[in-house]
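Here are the chains, one letter per residue:
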Amino acid sequence: MRAATIGRILVAVALVALAVVGAAPARAGDPAADFRAATRLYADGDLDAAQAAFEAVAAADPRGPWADDALSEAANVAEKRGDLDAARRLWRRVVDEYPQSRQSRRARARLAAIEAEIGAGGQWLEVAEQHEAILRAAIGVSDPTPQARALAALVAAHPDYPRAPEARLWIGDTLLRVGEVDRALAAYRDAVAHAPAGDAAWRAGKALGDGLLVAGRFDDAEHVYRGLYGQGDALADRALDGALDDVARARRRHRLGLAAWLALGLGVLVVAGLAWRSAGGPIAALRGLARPPLELWYFLPVAVVLGAVAASGNQLVERAVRWILLGGLVTTWLCGAGLELARRRGRLRLPLVAAHLAVAIAAVASVGYLAVMHDRLIDMIAETIAHGHEGR
Amino acid sequence: MRSTIPVAFLLSSCAALGALPACGSDAGDDTGDDAPLVTDGGRFTIDGCGFDVVTRLGAEAPAPGADVLGAAPDPFQLHLGFGGAPATSMAMVWRTDLDTTATTVRFGVGTALDQEATGVTYRYISGLGGAGDTIRIHEAHLCGLTPDTTYSYQVGGVGADGTERFSATHTFRTAPDRVASPDAEVVVAFVGDSRGGYDVWGNLTQAIAARSPDLIIFTGDAVTIGQSQEEWDDFFTQGEDLLASVPMVAAHGNHEVNAIEYYAQLAMPGDEEDYAFDFGPLHQTVLNDSPASSGDLAGKAKSFLDADLAAAADAPWKIVSQHRSLWSSGTRHGSDTTLRQEWGVVYDQYLVDVVVSGHDHIFERTKPIRGETIGATPADGTIYVVSGGAGADLYGTEPQAFTEYAESTHSYTIMSLRPGMLSSQSFRDDGSPLDEFQITKPQ
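As you go down the protein sequences, you meet chains A and B in turn. So for the first sequence, the numbering used here puts the first residue at 1; every next one is plus one. So for the second sequence, the numbering used here puts the first residue at 1001; every next one is plus one.
If you're looking for bench data, these hints aren't it; they were derived computationally from the structure. Bear in mind that the values here come from a model prediction, so they are computed numbers and not experimental data. From the three backbone atoms N, C-alpha and C, an ideal C-beta is built for every residue, glycine too. Possibly wrong hints are sitting among the right ones.
Stated by the list, open to error - Cβ-Cβ distance ranges computed for the label pairs, FRET-style:
{"#": "1", "chain 1": "A", "residue 1": "Gly230", "chain 2": "B", "residue 2": "Asp1393", "range": "20 to 26 angstroms"}
{"#": "2", "chain 1": "B", "residue 1": "Gly1132", "chain 2": "A", "residue 2": "Asp182", "range": "43 to 49 angstroms"}
{"#": "3", "chain 1": "A", "residue 1": "Asn314", "chain 2": "B", "residue 2": "Ala1210", "range": "34 to 40 angstroms"}
{"#": "4", "chain 1": "B", "residue 1": "Asp1074", "chain 2": "A", "residue 2": "Arg252", "range": "41 to 47 angstroms"}
{"#": "5", "chain 1": "A", "residue 1": "Glu97", "chain 2": "B", "residue 2": "Gly1132", "range": "48 to 54 angstroms"}
{"#": "6", "chain 1": "B", "residue 1": "Asp1074", "chain 2": "A", "residue 2": "Arg238", "range": "22 to 28 angstroms"}
{"#": "7", "chain 1": "B", "residue 1": "Thr1373", "chain 2": "A", "residue 2": "Ile381", "range": "30 to 36 angstroms"}
{"#": "8", "chain 1": "B", "residue 1": "Gln1349", "chain 2": "A", "residue 2": "Ser142", "range": "34 to 40 angstroms"}
{"#": "9", "chain 1": "A", "residue 1": "Ala308", "chain 2": "B", "residue 2": "Gln1349", "range": "31 to 37 angstroms"}
Extracted from the complex, chain A is given alone in its bound form (with noise of 0.2 angstroms):
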């Protein structure tokens, strides 16, 4: 027997002598006040006394009502405390020594999920109460990027651990979420390597063009989704549809994206370069720009009263609506002074004027777009054109 083992038991024996002394009920002997006083324990946090308390209750009266409860709770706050052992242990007094209580079915389920993590023989019993241990400590973490690591480092050490194709997902899954993009996708790379043949290769592919999309690889994503055809049944194909359609509009929204960065910068150079040339040099056009032209306080409250109504609304319409407004701002500031500037050096003219008006047009086009784009808007609109007003 491993020493670990007899230690268990050890301390087993250790909680449940605890229990029932130190733990007991005020009304000795009453099974249920017994069990409410492991249930508070629980509530407390405190899991190794709560399963030696509902161990004692099932011990005490094992044919009474409140032994199979007791046991199955017992085995819960096992799995709590990541000891799959006595987990599996308890989950099968359950179904052994109750098997018509409304515990049975559950214990039955419990009990073929736990023999799956930590194999038939319990081979991998030492592995997977490591991995519960990680999991759990990654439970509420803002950044779990330590557990991703220590995951890590338990999977390259047991790399024929049953759950070591989910355990790499969980990897790609975590890092991604707190933007270590590039490990995330070896993560993910490294879940595709050694995914057994089946289901969990189709995941570990479909999550890596996921990541690849996330990171906005888009050939990358696009050639590993359409490898993955046949691989699954008819919905994961069709799954798979959806992902090469969802990496088409991404492709045509960065595409568009860019052109607005690119006509927001020309718009810029164009704005700065007339001004150059209708006040004769850089200083100043600079001087000219610099000075709010008579359209800015037009626009100014009516961007005012705009931003405040959509602050009082959905965060991402107030988001847009203040980029939208911002933009506006700047468009009018500096085609209006670009303009003021022309025809206070008595050079304004129409071409000059088509190439603002061009300009104005193409900023806010730009702009909005962006905005729109920021956050997945745009699809939220798309589903309010698809689905109509949600009516709130």
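Since the structure of chain A is already known, use the hints to place chain B on it.
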């Protein structure tokens, strides 16, 4: 949006052999091949179950199963629900080819299949404007069951020539009776917003099955377009392994658009929009926050909610499920302040423990909230859980002051309830733990 006539739900067929009460009917059109397809809805009254089965505009009136087996009579997309008390009743819904009208359930306690009940069947025309395929639904309700008991069952039918076509044998367990088993534990899975992500939904249902819940509450938006039968087929096919053994009821989501496909394929209590039931120590209320008439939010639904929670004051646990979120840090929809004004005050008045919703495709658990005040312990208010990650494309989150934890992830939530303690665990679609909390109450 399709206007609907508030004729309600299902028929139960309790003509079980043995101890179950016999069924009788006062209506029902012939559903045979030659009958014209009249989709005005209808009602079938059942003796013994204590409720009617009603189909809505867009579907035929329900009629008792007959002895016709069509060319493809094997049941598919089998799933459980209930129209009555889940401690003593269970409903089976399945599909076959159009011609099959044989609608029978064989069932019994434990592994026995020594009782039989006849269900009802009806057709509806799917698709926008009824332009899609005609669908055959079979629905049977077992009543007079024993609480907290495991049953085995098969669905299918027997043809006029004695040919039998039945499904594989499945099991279900009735809910415990709160009076007879006051300390019984129940486990409930909450999940919603699968629309468009049926591969993820399929994975989630497998993961949920490993937690062996007694009940599934779906928080709406199973499909992107309520009239899309193809999407419903994906939803039920992917979930069949789980849904044939665990009853599921749903909150209506805005994407269901009150379509006939939604009401015809799910067996739920009451009018199937705003309803409630006891499930062991849990009093579960389900609300439609996208009704055909928006005035219902402050009218019919609110009145129902108020009366229901007043009557359930002594329930150990009170949970409300709906689609939209009163409190959400999701960047797409966020908090629904209209619902907060209309329903939040009722939740506060009756000390609802937890509200589970979807709509934002995220997971979130709030701090306890009462009114606009954010509390520290569960005694300070209601905890709001957004469980909208059943497969649809994920939305972003921007945690707010009320947020305890939020993440943009596919997920499901499992709550174990017994008097004195509610324990909640949420999991991502890869099975990793996402969040957990407990609420205790003095008993």
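Checking against the hints above, which ones are violated?
As far as the earlier hints go, not one is violated by this structure.
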